Amino acid sequence: MKDVSIGMFIAVFEEIFGAGLFWGMVAAAAAILLAFLYLIVRDHKLESRRFLRAELWAPVGALAAILFVQFWTNSGFTDIGGPIDVIVLILIGSAGAIGLTILAYVVPSLLSGRRSA
Amino acid sequence: MLANRRQFLGLSAAGAAAVVTSSPARAAKIKSNARIVILGAGAAGTAAANRLAERLDGAKITIVDARKQHLYQPGFTLIAAGLKPANYSVSGTGDWLPSDIDWIEEAAAEIDPVAKKIVTTGGKTVDYDYLVVATGIKLDFEAIEGMSLDLIGKNGIGSVYAGPDYAAKTWAEMDRFTETGGVGLFTRPGTEMKCAGAPLKYTFLTDDYARKKGTRGKTEIIYAAHNKTLFGVPIVNEKVRMLYEDRGFNTVYDHVMKAIDPGRKIATFATPDGDKEIGFDFTNVIPPMRSPDVIRNSPLPWTDKWTDQGWVEVDQYTMRHRRFPEVFAVGDAAGVPKGKTAASVKWQVPVAVDQLVAQIEGRESSETYNGYTSCPLITQVGKAMLIEFDYKNNLTPSFPGIIAPLEELWISWLMKEIALKPTYNAMLRGRA
Ligand SMILES: Cc1cc2nc3c(=O)[nH]c(=O)nc-3n(C[C@H](O)[C@H](O)[C@H](O)COP(=O)(O)OP(=O)(O)OC[C@H]3O[C@@H](n4cnc5c(N)ncnc54)[C@H](O)[C@@H]3O)c2cc1C
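Protein chains in written order, with the numbering used here: chain P, 1220 to 1336; chain Y, 3 to 434.
Since the hints were made in silico from the structure, they are not lab data.
Among the clues, some could well be false.
Straight-line C-alpha distance at most 25 angstroms; calculated SDA-like pairs for lysine to any residue [claimed, not checked]: (1) P/Lys1221 to Y/Pro236; (2) Y/Lys118 to Y/Ala406; (3) P/Lys1221 to Y/Ala406.
Please read all numbers here as calculations on a predicted model, not as lab measurements.
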């Protein structure tokens, strides 16, 4: 491929989702991440009990992400053909796991307001 | 605490600003009053129009194409495999064109590169300073005796290449065939062709469906290669040969389809030992491919190469015509040894555009095309090989050490199914 650039990847993602949805999703992800960081700054720490509870969502997020990709494309687990495919599967799963964990930490924390340690 | 919060918000605002301003700075436009005519608003013509409009200020750009529908042709394979509907490949030609250029909705009927003008089918004469030829390929179904478009979708005759609706009809026949079994006959033409991997892909896909439906035992798959190889790049050819053996295909070499008898379901092939007949219950007819007549009847084609096909005589590195330096050819129309794919278009167009703009500015361009071609070679639904190569038959993987080109991988399938059309669309807009 000629010139693999960030600009090209952004252009491709805009075509996949439409510019509005793509930047909306980027903004949503950024907002959730910022809220997560904000909570840590506010509480001066990661609330370990809440985080532990949030982590229970990780496997759900991982499985959901993998099944979503398989549902969206005409492919399944039997199409895994080499090491990179396993890595891709793990990456998709990790993205789902981390995303849902952070979301599960942020939402109840923001809803319940500040907790004393 | 408050200070902390404020610092934090300030920091995130700065971060957001950095994201917004880091979008690539656009180079200043070149002022020019050049008249540029582009023939063909397919993949290459549209991408060229957008890039030229982006680079030039004041130039008069005219694109000539009678076709109102834009066709995303790599999607035909997915349509013919029952994975996408026919409209997956169809959009409007005008949807992709920049607003400040002229689109003449007629075909070009005549090209005079000496007088630097073209004439349209409606009789309009358009003078140019620069001409970009992007007229693609004419599918020469008439060259196969007994073949015509209305046969597609009946009597086991399919043709993935013929268009989105024909690809859908081909799927209906392939679906029916793989329910019952019989002889599946797959071919490729003896001429140059767009996406030389596509005939192979469709053979693999039919095999995959027969296996999944449990009819592979009752199915014979015959692949008739036009010469002594399955693919023009030796290292890829060997891999495909191994896969064909693994899948149990019967391969015959030096067979070029010359006639088809839909009633008797027999195809006739020209071979070094004379004509041979092969019967079929399902076949994917891929006709010989040539330049459209307007090119073949003009002085633009090579005179000592591809004389029965008429590809435009361009320098294989700059895409500039070897005899008429203000003429460029990009995409399938270009007479270069490799590169009749959309993936090649993606590389050729920025090169040709930079060469053209440099010529306007009176400078030398250092941009060149190296023959890059890519083909996500589907080997079953869900797996493909991401094959990329250049003029020298070297493999040129975009993700070396990460995505192995000669392995049947899920990630390569994901790229074909998810990323290829968006990448193609971004290319049309001149953004990829
Ligand atoms: C079944 C199939 C599968 C494919 N798979 C892949 C793939 O997986 N990957 C890949 O990279 N590529 C693939 N391709 C190839 C790819 O689609 C083409 O290489 C690409 O479209 C070439 O672009 P182009 O602009 O040269 O031609 P086109 O996109 O065909 O456009 C040519 C245009 O010229 C116009 N035209 C013709 N005659 C005239 C005239 N006289 N005057 C004015 N205009 C005229 C036509 O109307 C058309 O709009 C595939 C193609 C097919 C058919």
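Run through the hints listed earlier and report the numbers of any the structure violates, in increasing order. Failing hint: just 2.
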